[in-house]
Amino acid sequence: DTGVSQDPRHKITKRGQNVTFRCDPISEHNRLYWYRQTLGQGPEFLTYFQNEAQLEKSRLLSDRFSAERPKGSFSTLEIQRTEQGDSAMYLCASSENSGSTQYFGPGTRLTVL
Amino acid sequence: KNEVEQSPQNLTAQEGEFITINCSYSVGISALHWLQQHPGGGIVSLFMLSSGKKKHGRLIATINIQEKHSSLHITASHPRDSAVYICAADKTSGSRLTFGEGTQLTVNP
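Chains as they are written, first to last, in my numbering: chain A, 157 to 269; chain B, 4 to 112.
A hint or two may mislead.
Unchecked claim - Cβ-to-Cβ under 7 Å is the rule here; a few derived chain B residues that face chain A:
1) G44
2) G45
3) I46
4) S48
5) I89
6) E104
7) G105
Keep in mind that the hints were calculated from the coordinates and are not lab data.
Glycine included, each C-beta is placed from N, C-alpha and C at the ideal position.
With the hints as constraints, model all of the structure from the sequences given.
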């Protein structure tokens with residue numbers, strides 16, 4: 157098992173462009189979480205999935221953000237019409253079940269110019 | 004006021020020193036997590052605890068549920084312990100984590 161992986165690791169884009177990030181959780185982990193972290197701050201919750209169902213979305217997740225986990229395995233996070241304020245590290249984590257330890261991926265660092 | 008607060012924000016120590024990082028939370032929790040984040044972003048889970056004390060190598064985590072307070076201790080600190088340490092509250096079992104802002108630890112040789 158190689159742990160949680162995220163792709164790409166870095167993304168530089170121009171304001172107004174759309175970006176999509178991918179997260180591959182540890183296999184057979186039912187829970188998948190997305191967090192966002194800006195420089196010098198702790199991570200902030202964005203959304204999480206139980207298998208393919210998106211169970212909770214943060215108020216931070218504006219209508220420009222959408223996340224999917226179509227087959228209950230990998231997940232994608234798309235940001236439409238990116239803004240400079242979207243620049244952050246986007247972290248994915250997975251856990252076996254409710255109440256289990258969350259394992260984090262290396263993150264995708266987004267820079268919006 | 005943040006639901007999870009850590010102190011200090013920055014901590015510099017000499018190799019070998021005993022280190023304590025504190026975390027206070029204002030919400031009911033099912034578990035409290037301590038995480039370590041190295042430069043470049045990777046986060047590693049150190050402890051998940053809901054009561055008492057846990058120990059792993061030179062790291063010790065304690066929690067006082069009544070006082071809503073947790074501490075992370077590092078004994079015989081080493082430069083490789085230099086990282087950001089983050090506490091996070093699990094307010095409902097297995098749901099989202101609410102994070103503190105992190106403590107930047109630097110251990111000098």
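Per-residue hint verdict: G44 (chain B), partner chain A, C-beta under 7 Å: OK, holds: G44 (chain B) within 7 Å of chain A, min 4 Å.
Should the interface hint for G45 (chain B) be scored as holding, given a Cβ-Cβ cut-off of 7 Å against chain A? holds, 5 Å
With a cut-off of 7 Å, does the beta carbon of G105 (chain B) approach a beta carbon of chain A closely enough for the hint to hold? This hint holds: G105 (chain B) lies near chain A, its Cβ roughly 5 Å from the closest one there, short of 7 Å.
Are E104 (chain B) and chain A close enough, Cβ to Cβ, to be under 7 Å, as the hint says? holds, 5 Å
Does I89 (chain B) hold up as a contact with chain A if the rule is Cβ-Cβ below 7 Å? Holds, about 5 Å.
A closest beta-carbon separation below 7 Å is what the hint needs, so does S48 (chain B) meet it against chain A? holds, 5 Å
Agreement of hint I46 (chain B) with chain A interface, Cβ distance less than 7 Å: holds, 4 Å
Checked against the numbered hints above, the structure violates none of them.
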